[in-house]
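Colleague: This is what each chain is made of:
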Amino acid sequence: MTGCSDSCGPDHAGGCAVGDPALAELQSSGLDRREFVCIVAGCAAVLAGGCSDLTHTQYVRDRFRELTDDEQKEIVARIEKEQTARLGKELKVGVEKARPGVEFGYALDLSRCIGCRRCVYACVKENNQSRDPQIHWIRVLEMEKEKGIDFAHANPYYDAEQVPRPGHFYLPVACQQCENPSCVKSCPVGATWKEPDGIVVIDYDWCIGCRCCVSACPYGARHFNWAEPNVPTEEVNPDTHYLGNRPRMKGVVEKCTFCIQRVRNGKYPACVEVCPVGARKFGDLRDPNSEVRYVLEHKRVFVLKTELNTQPKFFYFFGL
Amino acid sequence: MKYPFLLSSALGLALVCACHQEEHRSWLADAAGAEAPVSLPDPELEVPPPPFTEGAFPCSDCHDPSVPPNTRRREMKLAHTEIKLHHDEEHRWCLDCHSVEDRDKLHLANGTLVEFSESYKLCGQCHGDKYRDWKAGVHGRRSGNWDGHKKYLLCVHCHNSHAPKFQPLKPLPPPTRPAPRTSP
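First to last, the sequence lines map onto chains L and H. Take 1 as the starting number for the first sequence in this note's numbering and just add one per residue. Take 321 as the starting number for the second sequence in this note's numbering and just add one per residue.
Chain H on its own, in the form it takes in the complex (with noise of 0.2 Å):
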């Protein structure tokens, strides 16, 4: 089929903002950096809650600190069978990124807990770049208003913490083809 268009051999560089002036909010210019502490970006910004599958929260249901937790790397025969780690799986194991003390948290390297309404700090410690533009709403997604409130979706929203490579998906159907025309 030819194509009405055609290939644009000179993708150049599209200049509309000559204008760079770095002016972003403070919070675009801190990288990924663990240690700095990031607040949630926006007070005009909502985040859904973390996806759990239903029961699996609080964890301390289950893991109620008379319970000693097993630091052993392991297969799961007798909970979260379903969990296969999939993420860098040969250099990490489930505690890497959840508390021991407080199973009900995450923790980052350097010892901090974290919520996992906050996973994102998490994932950010290791995705810097990803970090940085998720929280510019250029990673991920934003919705709501473009001049006002806005919602974002947690990096679990989209990647499976434990299985993060993205799903591929059932497209919705092609278009028609067009019937040939015939003029009178």
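If we strip away everything but chain L, and leave its shape as in the complex, we get (with noise of 0.2 Å):
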């Protein structure tokens, strides 16, 4: 691990803090906004990593949220017509806001999950996750019964004939989509927050490659683009949302959105559609009728983590 992330963990949240009036110092500067910021915040190591190479950073616009419909219009317009070049292949960026009165949850079965790993790669598809190097949003734990949920002797990496392998049991972790999410709060300089339907984003034109969300996050969510991402250009799945599954640059942050581009237009998230086990529930927390409902309603849940009070709205529960 290279010492930026290391230092900026929620503990040391001062320490990656960068005031407004940098940001505005920086427009005059000749410096990519990414590599200032980077700097400033003491994290030589980023550059590294990778902070150059921006194709769409803009210094002078102010973030995505806080922009006008018109204006977001105009960003999105100009990302279509870049990729579409880039990629010989039309591409659509939606902008789809949140529905009022919509709260998104999840609950995933772990009596029914058997750890086929069909969610994980369903997500990459959908979601235009870096395929070399890879990025994998979904990460299935394997444990054994006899532990019970145990995060120190999981293990991502198993490999089998069948599964389920005798004695195990499987856990899936993504983003947990937190009601109190650590992630935003560690972010210098307002890149990622959660939106009213709760869905945690980060605006990638916004983002500096701090990785100061990396660390804040309890739950290994966030995964940074640390060379360029790869993905053959027919994989690319052309339907995407601004801040979802839009392609993303070297130098930038990326995690489960619930499919935002597939959900604020009604649909299940990929992971859903492809579980064949039947384990993953996703809904409206307030519509009452919702398979999330009827699984906080009638099953025991459980949030991981919930001493660190993020308030997560992926719960697990035992359908048995």
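It is worth saying that the hints were derived from the structure and are not from the lab. The structure displayed is predicted, hence computed values, not measured ones. Cβ coordinates follow ideal geometry from the N, Cα and C atoms, glycine included.
Derived pair list, reagent style BS3-like, types lysine-lysine, alpha-carbon separation capped at 27 Å:
| no. | chain 1 | residue 1 | chain 2 | residue 2 |
| --- | --- | --- | --- | --- |
| 1 | L | Lys147 | H | Lys485 |
| 2 | H | Lys470 | L | Lys299 |
| 3 | H | Lys471 | L | Lys267 |
| 4 | L | Lys145 | H | Lys450 |
| 5 | H | Lys485 | L | Lys145 |
To give an idea of the interface, some chain L residues facing chain H are shown, with a C-beta separation under 8 Å as derived from the structure:
| no. | residue |
| --- | --- |
| 6 | Gly115 |
| 7 | Cys116 |
| 8 | Val120 |
| 9 | His136 |
| 10 | Tyr157 |
| 11 | Val263 |
| 12 | Lys267 |
| 13 | Cys275 |
| 14 | Gly283 |
| 15 | Glu291 |
| 16 | Tyr294 |
With the hints in hand, could you dock these two chains into one complex?
Modeller: Pasting the structure below:
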């Protein structure tokens, strides 16, 4: 691990803070925005980690969420054009907003999950995760039934002819979409925030790649693009959202968004659709008829690391 | 390997929904009872057709009324040789589920005939808890739209009715191990 992320844990968030005056100064400096803030944050190591090569970093505009609809449309149109040209394939970048009165939640049935990793790869495909270097937003942990939920002895690298392996159970982990997200608090530039429907998002054009959020997340759910992400053109999913699965660049952080490009259009996330055992449940926590509400009311649910008070909206349960 | 996150010792009950209104649709409320006739749970739901082997249906192609049913418990020799009951087989026989009078249908314990497209009613007779969860979209799988039109899978899409234990799968490849990263 490099120095930056180690020194930027939630306890040291002060060390990462960059005031807005710095941003103003940056507009006049000739420096790349991301490199500049990296230096200010004292995270020189990041430079080597890849803060350069930014195709659409813009210094002058406001954070995406503070832009007017027209400004958003303009930015998105530019990205669409750039990406379509780069890929030789039409790409759509949506800006669908949170629906009023909707709050997303997720529930995963640990007594069903067999650890087949269909979700991992459906997610990679849907969300344009880099193939090489490899980024997986979902990690499936194999645990021993005898030990119970025990992250210290969990194994994400299991392989077998068949799963479930006797004596084991499986716990998939991705972004827990916390009500009280420590990653958001750790971001020195406000490039990541919680949307009104509860989805924690990242503006890749605003992210400076300092990786404070990566170390602040207690669930290991944030992933840094150390190199230029690589997705074969024919496998690029062209249905994207600005805050979700649009193509990322080297030097930015990414993570699960509950498939924002799907769920804001009423569809289930890709992992829910693909799960062969039906372990994954998704819906509106405020809708009493949703599957997630049924789980909350009829099953014993738990969240990971309650003691941290992150208040995940990703629940685990035993459906037996 | 030391995992980056630690054990949550306090697996407390998460209480997000303090509001325990029992305002589920009425069909959620009725338990598995074979008596209570259950129509398709929701007009917005769609169930794919039963997963018959090609040529198996209609059964009456072979089992026409002129062929008397054979109610004797025996090994299948002339047809259906691939079917080996591993489903409480000590207590069960083909005709506990398949109708004697109409081979194109299933029947419940009380004699009610059930279409293959509604085989969940048969399963629900004995597996009331799973049936209840299934109707709520929690056992089994819904797909489509979380806020509208949904598709169901029948029990038999995941469980072979004759040997219902869920079949193990080959897992997709494990993630690559991160290369050790040296600080410059």
